[in-house]
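Asker: With chain A's structure known, arrange chain B on it following the hints.
Listed below, chain by chain, are the residues.
There are 2 protein chains.
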Amino acid sequence: MTITSFQPPTRTLMGPGPSDVSPRVLQALARPTIGHLDPEFVRMMEEMKQLLQYAFQTQNALTFPVSAPGSAGMETCFVNFVEPGDKVIVCINGVFGGRMKENVLRCGGVAVTVEDNWGEPVDPGKLEDALKAHPDAKLVAFVHAETSTGAQSDARTLVELAHRYDCLTIVDAVTSLAGTPLKVDEWEIDAIYSGTQKCLSAPPGLSPVSFSERAAEVVRGRTTQVQSWFLDLNLVMGYWGGGAKRAYHHTAPINNLYGLHEALVILQEEGLEQAWVRHAHHHAALRAGLEAMGLGFVVPEAARLPQLNAVTIPDGVDDAAVRGRLLEEFNLEIGAGLGGLAGKVWRIGLMGHACSARNVEYCLDALDRVLGGMDAPITRGVAVDAARRVLEGGAASAQRA
Amino acid sequence: MTITSFQPPTRTLMGPGPSDVSPRVLQALARPTIGHLDPEFVRMMEEMKQLLQYAFQTQNALTFPVSAPGSAGMETCFVNFVEPGDKVIVCINGVFGGRMKENVLRCGGVAVTVEDNWGEPVDPGKLEDALKAHPDAKLVAFVHAETSTGAQSDARTLVELAHRYDCLTIVDAVTSLAGTPLKVDEWEIDAIYSGTQKCLSAPPGLSPVSFSERAAEVVRGRTTQVQSWFLDLNLVMGYWGGGAKRAYHHTAPINNLYGLHEALVILQEEGLEQAWVRHAHHHAALRAGLEAMGLGFVVPEAARLPQLNAVTIPDGVDDAAVRGRLLEEFNLEIGAGLGGLAGKVWRIGLMGHACSARNVEYCLDALDRVLGGMDAPITRGVAVDAARRVLEGGAASAQRA
Numbered sequence: 001m002t003i004t005s006f007q008p009p010t011r012t013l014m015g016p017g018p019s020d021v022s023p024r025v026l027q028a029l030a031r032p033t034i035g036h037l038d039p040e041f042v043r044m045m046e047e048m049k050q051l052l053q054y055a056f057q058t059q060n061a062l063t064f065p066v067s068a069p070g071s072a073g074m075e076t077c078f079v080n081f082v083e084p085g086d087k088v089i090v091c092i093n094g095v096f097g098g099r100m101k102e103n104v105l106r107c108g109g110v111a112v113t114v115e116d117n118w119g120e121p122v123d124p125g126k127l128e129d130a131l132k133a134h135p136d137a138k139l140v141a142f143v144h145a146e147t148s149t150g151a152q153s154d155a156r157t158l159v160e161l162a163h164r165y166d167c168l169t170i171v172d173a174v175t176s177l178a179g180t181p182l183k184v185d186e187w188e189i190d191a192i193y194s195g196t197q198k199c200l201s202a203p204p205g206l207s208p209v210s211f212s213e214r215a216a217e218v219v220r221g222r223t224t225q226v227q228s229w230f231l232d233l234n235l236v237m238g239y240w241g242g243g244a245k246r247a248y249h250h251t252a253p254i255n256n257l258y259g260l261h262e263a264l265v266i267l268q269e270e271g272l273e274q275a276w277v278r279h280a281h282h283h284a285a286l287r288a289g290l291e292a293m294g295l296g297f298v299v300p301e302a303a304r305l306p307q308l309n310a311v312t313i314p315d316g317v318d319d320a321a322v323r324g325r326l327l328e329e330f331n332l333e334i335g336a337g338l339g340g341l342a343g344k345v346w347r348i349g350l351m352g353h354a355c356s357a358r359n360v361e362y363c364l365d366a367l368d369r370v371l372g373g374m375d376a377p378i379t380r381g382v383a384v385d386a387a388r389r390v391l392e393g394g395a396a397s398a399q400r401a
Numbered sequence: 001m002t003i004t005s006f007q008p009p010t011r012t013l014m015g016p017g018p019s020d021v022s023p024r025v026l027q028a029l030a031r032p033t034i035g036h037l038d039p040e041f042v043r044m045m046e047e048m049k050q051l052l053q054y055a056f057q058t059q060n061a062l063t064f065p066v067s068a069p070g071s072a073g074m075e076t077c078f079v080n081f082v083e084p085g086d087k088v089i090v091c092i093n094g095v096f097g098g099r100m101k102e103n104v105l106r107c108g109g110v111a112v113t114v115e116d117n118w119g120e121p122v123d124p125g126k127l128e129d130a131l132k133a134h135p136d137a138k139l140v141a142f143v144h145a146e147t148s149t150g151a152q153s154d155a156r157t158l159v160e161l162a163h164r165y166d167c168l169t170i171v172d173a174v175t176s177l178a179g180t181p182l183k184v185d186e187w188e189i190d191a192i193y194s195g196t197q198k199c200l201s202a203p204p205g206l207s208p209v210s211f212s213e214r215a216a217e218v219v220r221g222r223t224t225q226v227q228s229w230f231l232d233l234n235l236v237m238g239y240w241g242g243g244a245k246r247a248y249h250h251t252a253p254i255n256n257l258y259g260l261h262e263a264l265v266i267l268q269e270e271g272l273e274q275a276w277v278r279h280a281h282h283h284a285a286l287r288a289g290l291e292a293m294g295l296g297f298v299v300p301e302a303a304r305l306p307q308l309n310a311v312t313i314p315d316g317v318d319d320a321a322v323r324g325r326l327l328e329e330f331n332l333e334i335g336a337g338l339g340g341l342a343g344k345v346w347r348i349g350l351m352g353h354a355c356s357a358r359n360v361e362y363c364l365d366a367l368d369r370v371l372g373g374m375d376a377p378i379t380r381g382v383a384v385d386a387a388r389r390v391l392e393g394g395a396a397s398a399q400r401a
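Going down the list, the sequences are from chains A and B. Following the working numbering, the numbering of the first sequence begins with 1 at its first residue and continues without gaps. Following the working numbering, the numbering of the second sequence begins with 1 at its first residue and continues without gaps.
Just chain A, same shape as in the assembly:
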């Protein structure tokens, strides 16, 4: 056995995440490792909290990145809020709602599901019916931006409903954070988790979370111990919440945190609202190109996420062959369908650093060539121009789009 250094190819990442990471963030990863209790590192942690508060639009003191990917952020929310026997209403309109239900069950909770078709947003009417039918429910959990379908739900309305029936809310914002409007305080979200490898364009491995004071009270007031030692907020807070004096809990992923810090500094430089506009603008261009080509969207227009475009694969086209050729010939990654949508859709991401005019045009051109070369039923040679017309319309028209 002789294994040599790994030199990854340079891809263009337009799948459901990870997204293209900016050279500035890659450089930050390579800065010298320091200790997790070093005063300089502790200073960086304080900045990280502020930067995440800005990204989440919250003043929540309990805002930090969990030291593991988004799935662990999800689990942090459930293990801390769900005690055995607790009833949780889980809205399912894709893969990640289903995963939330799994989490409830593994915490010994009782899951009541509100189901919507994949590709549709969560229906507030169905949630209200469930809330009326289950007055003993303690929590409502839903996915703001379903990464498996590209559907966006009306988080503000769903939270308002949950509160009207005295339930706390757990919100999955893995794909929405920094890509589409999300206002934790204004919408009164209680517990929220996200990922770093979507619209923040940092490498995967961390999960930003935020908890309202009301939510923190619930965790402090638990009658049973949190089943996970690693994710127990009562312990993690001794490290992340401790001000100048911090207790060792686990060793934080130092260099990954450098990367996230840099990605958040970039977001702050651009401005959060401007990032939302940029995502909407490039989505409009991509959409124009895809539609000109004859490709259709899975999600109804009003619920479409700009940063994740689920496109129906034309009849007779070989899903895996197309994605394989895009990767081999164009170094371009787009996403496959998940679960019930496997083989039926492609998921084209326009996330964070990858959400650019260059990428929109590159992706449309590559699709045109690969699908055209396979004699797929598309209109050739028009997509890039259609996108360019939108791109040249500028940000103003994007805001109208």
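Which stretches of chain B does chain A cover? Using the computed rule of at least three CB atoms under 8 Å from a CB of chain A, they are: (1) 2 to 11; (2) 14 to 24; (3) 67 to 73; (4) 102 to 116; (5) 249 to 258.
Computed Cβ-Cβ distance ranges for the label pairs, DEER-style: (6) A:Thr224 - B:Gly393: 49 to 59 Å; (7) B:Gln50 - A:Asp129: 46 to 56 Å; (8) A:Lys126 - B:Gly343: 51 to 61 Å; (9) B:Thr4 - A:Asn331: 25 to 35 Å; (10) A:Thr224 - B:Arg380: 54 to 64 Å; (11) A:Pro9 - B:Glu217: 30 to 40 Å; (12) B:Gly241 - A:Arg369: 34 to 44 Å; (13) B:Ala320 - A:Glu115: 51 to 61 Å; (14) A:Gly241 - B:Pro84: 29 to 39 Å.
Derived from the structure by calculation, the hints contain no laboratory data. Don't be surprised by glycine CBs; every beta carbon is placed ideally from N, CA and C.
Answerer: Structure of chain B alone, referenced to chain A:
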């Protein structure tokens, strides 16, 4: 609020980890992010498994890095092996044995503890007494290398005892892996976890684990569901164990894995046995210097870990002031005591890339100056020369030491 890019200072990391990361590993972190299902990434994952099998000295197919720090590796072992009501004998001779007990309880298990003084190795006689007294025990858990004290236990003997009484074993090798002999197959360890930020000198954030076929059978045969979705081996294996066809479970920490891969390539280049010799050699030098200075070790000689040296703080010396001056004036991090040893010991690490002649001399010189400047009761001006005499003796004398 305007927060700028974070530029960490360049430290010399001689605490209990993270240890100094080699420039080669830092550069690997900065390579372009690719997808977690990219064929090139999957190829790298296969290499990673082989490299970890080498480091652990095992042929276990189920060998991979958990996507979170060592504490999550520990939790992976306990949530997968302990079902509610299972009795687990936990050997405690420091902080991390205590954390194992916490994990057992949070899984609904029954913990029987075998206690030894902090700084001593686990006593096999006491373990055997416990095994006799608890014939219904299912598991024995112990720490091979206690990071809180620097004591090494006789893993081979403890595993042999556990097996004689029909118990599986969970072994904490966070600090031992690649620093001191560890032979998973020869010693017949069933489940083992480690960390990346100790003697592998990769950044923190991943936890290499390995499970024997016998252990994997136990997980497959569980009657209850694993309480953690994120750490459920039955699910994780669909991603890490899947050969060419891999199922998405969570998004792996891509760039951190580049770093670990490079650190393991470096280990393979040096040779595992040579790495053990190097740690022993530099430990002997550090020890000669510390003893010449008049500082004493916490752990009896036969059980001392070369890579983690717990040194008794001399009477009247201000722990925090010394560490603060080492950091500020020398950019040198050494570790504080944990738990019952807080304020009583320093933990001086010689781990992985940080285990070098340069660091031994640098640390001794810095201690000499800082302690001397505080009029601490040490012999001044002799430590570096004492170490140098050992270093010049070369690797041959280190093997005898």
